[in-house]
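2 protein chains.
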Amino acid sequence: MKVLIIGGVAGGASAATRSRRLAEDAEIILIERGPDASFANCGLPYYVGGEIVKRDKLLVVTPERLRARFNLDVRVRTSAEAIDRQSRRVRLHDLATGRVYDETYDKLILSPGAAPLRPPIPGADLPEIFTLRNLQDVDRIKERVDQGVNHAVILGAGFIGLELVENLVRRGVATTVIELQNQLLPPFDHEMTTPIAEHLRQHGVTLLLGQSAESFARAENGIAVHLQSGGTIAAQLVILGVGVRPESKLAVDAGLEVGPRGGIRVNEFLQTSDPDIYAVGDAIEVKDYVTGDATQVPLAGPANRQGRIAADHIFGRPARYRGTQGTAIVKVFDRTAALTGASEKTLRRAQRHFRKVYIHPANHAGYYPGAEAMSLKLLFDPHSGQILGAQAVGGAGVDKRIDVLAVAIQAGMTVFDLEEMELAYAPQFGSAKDPVNMAGFVAGGLLRGDHPQLDVETVLALPAAERPALIDVRTPEEFAAGSLPEAINIPVDELRAETGRLPTDRPLAVFCQVGQRGYLATRILLQKGYPAANLGGGYKTYQLFFPPLSPS
Amino acid sequence: MKVLIIGGVAGGASAATRSRRLAEDAEIILIERGPDASFANCGLPYYVGGEIVKRDKLLVVTPERLRARFNLDVRVRTSAEAIDRQSRRVRLHDLATGRVYDETYDKLILSPGAAPLRPPIPGADLPEIFTLRNLQDVDRIKERVDQGVNHAVILGAGFIGLELVENLVRRGVATTVIELQNQLLPPFDHEMTTPIAEHLRQHGVTLLLGQSAESFARAENGIAVHLQSGGTIAAQLVILGVGVRPESKLAVDAGLEVGPRGGIRVNEFLQTSDPDIYAVGDAIEVKDYVTGDATQVPLAGPANRQGRIAADHIFGRPARYRGTQGTAIVKVFDRTAALTGASEKTLRRAQRHFRKVYIHPANHAGYYPGAEAMSLKLLFDPHSGQILGAQAVGGAGVDKRIDVLAVAIQAGMTVFDLEEMELAYAPQFGSAKDPVNMAGFVAGGLLRGDHPQLDVETVLALPAAERPALIDVRTPEEFAAGSLPEAINIPVDELRAETGRLPTDRPLAVFCQVGQRGYLATRILLQKGYPAANLGGGYKTYQLFFPPLSPS
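Taken in order, these protein sequences are the chains called W and G.
Under my numbering, residues 1186 to 1737 are what the first sequence spells out, in order.
Under my numbering, residues 1186 to 1737 are what the second sequence spells out, in order.
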């Protein structure tokens, strides 16, 4: 068996080493255009910032190691130019010597990755405007920062963009982020990004959301970024982080099927429309595990698994790729944002019915020092309670809860299963009722009808005449510090005695700080015969949707 | 409906507040023998050590709050003396006034908890010898430490015992631990506690494992602890942490069924043998979620859930308690140990077939600074691959992996599902192949037969003549720093060329540092026709079973 693999990094390197483990006698050739067979692309921003000091740390595995340990034929600085499917040959181009030659294969694995987009903006192709994909890119960016940069502009507020922002600020560079959408981190729902935006502003970052660059031009000391909204930003460093495009040209030219956004089409075995050609990693179209729709998710974890599964299938193992949940996480200074499964906007796009709850728990027992707050959003099926997606933002422990919920989604679990979860509790790690349990209690109560809930953004979007009366059941002190427009304050501890103060001409929407007192108040009022519902997640959820204006 | 609840803390308080949420008009009476309706018993050791400074922090909820917010009839300093099931009455004793009176109930919930054991050792009942259950106990212990303690003895190396040790050392107290078993933390398998024992010794703690106290006696300056092995320890503070016994006397006297170890018998709705009487918390016998056997698991999380479920059932909700997984965690200085599901010794006791793997990954990507090592043991069914239990010990990230595996056990997932898990990866949080995925790869490979594995403790227990040849495939430098007895060193990168050096008279047991190079070496050798197997978890697992002698 002769396996030819085009592209190293995550998917290709995994396919190569897995192939060798399965088949000691196979001929395995790994072709990589760059000089490095595999590198830690998720670590690149931290080398710019100096968090990762040694460049060598970013080399996951050297070509020498792959040769010695895995007996692979590794050819770096080699480009694949064309596939001849009929004769099962790939035209290769040795970039060092210029030699062009053909290599045959029994099975071909394409792992070409995805290239950073350069948007069609005048000047976007200036060589001083950087993108970040590999070690050579990061060398150039780091060199530029080392030379001295006062002001940097990052176009695009995705994961890599924000990681770059943090690392530039760490280097003392004043940084502006320009993002076309009116939110950071587009895979998240808008409101869940509010704490990250605030945190970035607190670190002196200028966020221009819902804005775009009209053109870039060379200026005296760097680049002038002209905004579509008018105005110009002078920057010594501009990095484009506006997304990636699958490098599927080789596949397309060979007549392999691709999706509407350029992703190579594969079946569950990672075979393309030619069963002797597999494709893995950022270049392929995958199935969304929750919605079942085709999507493109450039993530390292799935790429690794796909490489492994392609090798398994080639060597006769029963392995299938089950789709991608889109589990992802980003740390921005001291805040973490993570998600798994479908977002609310994905579900709306897919016209899928859902319900949602928000909770705002601490990561561990409040009585133990150092508890950090988080906000957790859970999306679930309104009938079965099946978990469809989750997002969390906060400090420590966000990663753990999203991982737990990622497994729950994989297992097809419901919100009722979350109520029963038995997670590890000691005061440093969680609470006897973990945030995941709490999310289950709130969602389960909602589905059982114990706990009617209204969404604050929906309520506030209603015309005043149709709006329920807003009852703030927090303390007078909390009420005085800020409440919802036109809310009436009746603390929950006084509610039983003070029902006479409740409006009787409208339904009641009760709320507290995070939803818990509001839940009790709702239960009291419902049982006393009042048409009441709880505003899910309370004042803190309101603040996610309607953040106080930042000073910056 | 009149609900009478005996005992507050976790299960009783949860039952009371849940009952109120479900039934605004119910009469709900909460009886508590102590002065506090509910307190954070898992936080008590940290108040001794000063990590938790304010005593108030340990009060989860005051009687006043329960009255005002939940309209509960809370009676603290009140003891329940007898149940008259016929007339549905409980005899109560107001400890403050001495008044004895009867209270009727429609439904009774028993949440009496479990009392620390005082072992039948002469002198164990001296008033200067403490146990730790409630705030009054911790006040006494703290007062004693504040007075000045040079040397403390903790009898019992369970969770609370070790938490106390850490906090005493933090207070500058030289501490000795005496444990009857030959390991710390009895719920864990022996070898998984090795890193905790080493860590405690590094912090100057004296561990006397497999030893016991013969007697305690008053001495000039405190207590003389006489050991069964001979010798005496002079201590100014002795705390007993040898386990708890369900406080089931009230139930037994009322003729309710109890198990052989005194736990109150309940059905899945938490009803005792009298359907009008429920029992929850540390006093009950529960079903082990994995083995199905009856067990007693004194943990806060299950107690809270049981309280909630009992209330649900009383008020007509469909809720069932599904059993306890025994998920637990403890932090000891900078190390964490956690487990979920069945241990190896539990499975052996239950005569259940199983396989196991060990891995020794870092908590996050090695290229990002601050990665911490952990050891993870996974137990699973040899046929279906269903996950039966997991244990981990290490630094950061141990809690997350055990929580993920706890959910996997709850969902009935297999090791093959672990291979597919899509967990949140950024370099601060994990790896593209998370430790949980890695455990799945190793276990899955083992079950698919790709990867025959031998357990190091089994191999070394064989007579020399029956032992396979031990092949150390690490580097010469690693080999020189320490290897298994009589191992031959052939580095994996040279193995293909050096097969001539392999013994041919015996099967081969290959090993490396953590198992990964050993796996590749096994694959190479098997495919070349050698009878090879990998020593699971490599040299690091060997060191768990056979730790180098500590200097202390």
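Keep in mind that a hint or two might mislead.
It does not matter which identical chain is used: a pair holds within one copy or between any two.
Result set (DSS-like, lysine-lysine): computed pairs, CA atoms no more than 30 angstroms apart in a straight line [stated by the list, open to error]:
#: 1; residue 1: Lys-1434; residue 2: Lys-1187
#: 2; residue 1: Lys-1713; residue 2: Lys-1516
#: 3; residue 1: Lys-1472; residue 2: Lys-1187
#: 4; residue 1: Lys-1327; residue 2: Lys-1239
#: 5; residue 1: Lys-1239; residue 2: Lys-1725
#: 6; residue 1: Lys-1713; residue 2: Lys-1187
#: 7; residue 1: Lys-1434; residue 2: Lys-1472
#: 8; residue 1: Lys-1242; residue 2: Lys-1725
#: 9; residue 1: Lys-1713; residue 2: Lys-1327
#: 10; residue 1: Lys-1327; residue 2: Lys-1516
#: 11; residue 1: Lys-1472; residue 2: Lys-1242
#: 12; residue 1: Lys-1516; residue 2: Lys-1239
#: 13; residue 1: Lys-1725; residue 2: Lys-1530
#: 14; residue 1: Lys-1713; residue 2: Lys-1530
#: 15; residue 1: Lys-1434; residue 2: Lys-1239
#: 16; residue 1: Lys-1713; residue 2: Lys-1725
#: 17; residue 1: Lys-1434; residue 2: Lys-1713
#: 18; residue 1: Lys-1327; residue 2: Lys-1242
#: 19; residue 1: Lys-1516; residue 2: Lys-1530
#: 20; residue 1: Lys-1516; residue 2: Lys-1187
If you're looking for bench data, these hints aren't it; they were derived computationally from the structure.
Against the structure, the hints:
1. Lys-1434 - Lys-1187: For Lys-1434 and Lys-1187, only the intra-copy Cα distance (23 angstroms) is at most 30 angstroms; the inter-copy one is 74 angstroms.
2. Lys-1713 - Lys-1516: neither (46 angstroms within a copy, 47 angstroms between copies)
3. Lys-1472 - Lys-1187: Answer is within; shortest intra-copy Cα gap is 29 angstroms, inter-copy 54 angstroms.
4. Lys-1327 - Lys-1239: Within one copy only: 13 angstroms inside a chain, 48 angstroms across chains, cut-off 30 angstroms.
5. Lys-1239 - Lys-1725: between (42 angstroms within a copy, 27 angstroms between copies)
6. Lys-1713 - Lys-1187: Between copies, since 18 angstroms is at most 30 angstroms while 76 angstroms is not.
7. Lys-1434 - Lys-1472: Within one copy only: 21 angstroms inside a chain, 59 angstroms across chains, cut-off 30 angstroms.
8. Lys-1242 - Lys-1725: For Lys-1242 and Lys-1725, the Cα distance is within 30 angstroms only across copies (24 angstroms; inside one copy 41 angstroms).
9. Lys-1713 - Lys-1327: Cα proximity of Lys-1713 and Lys-1327: none, with 66 angstroms in one copy and 48 angstroms across.
10. Lys-1327 - Lys-1516: Intra 20 angstroms, inter 40 angstroms, cutoff 30 angstroms: intra-copy only.
11. Lys-1472 - Lys-1242: Neither way: Lys-1472 and Lys-1242 sit 33 angstroms apart in one copy and 49 angstroms across, limit 30 angstroms.
12. Lys-1516 - Lys-1239: Only inside one copy: Lys-1516 and Lys-1239 sit 21 angstroms apart there, 32 angstroms across copies, limit 30 angstroms.
13. Lys-1725 - Lys-1530: within (21 angstroms within a copy, 47 angstroms between copies)
14. Lys-1713 - Lys-1530: neither (37 angstroms within a copy, 54 angstroms between copies)
15. Lys-1434 - Lys-1239: neither (34 angstroms within a copy, 65 angstroms between copies)
16. Lys-1713 - Lys-1725: Close inside one copy (27 angstroms), not across copies (63 angstroms); limit 30 angstroms.
17. Lys-1434 - Lys-1713: Close neither inside one copy (67 angstroms) nor across copies (40 angstroms); limit 30 angstroms.
18. Lys-1327 - Lys-1242: Within. Shortest intra-copy distance 16 angstroms satisfies the 30 angstroms Cα cut-off; inter-copy 48 angstroms does not.
19. Lys-1516 - Lys-1530: Close inside one copy (22 angstroms), not across copies (40 angstroms); limit 30 angstroms.
20. Lys-1516 - Lys-1187: Cα proximity of Lys-1516 and Lys-1187: none, with 42 angstroms in one copy and 51 angstroms across.
Hint compliance for this structure: hints 2, 9, 11, 14, 15, 17 and 20 are not met, and every other hint is.
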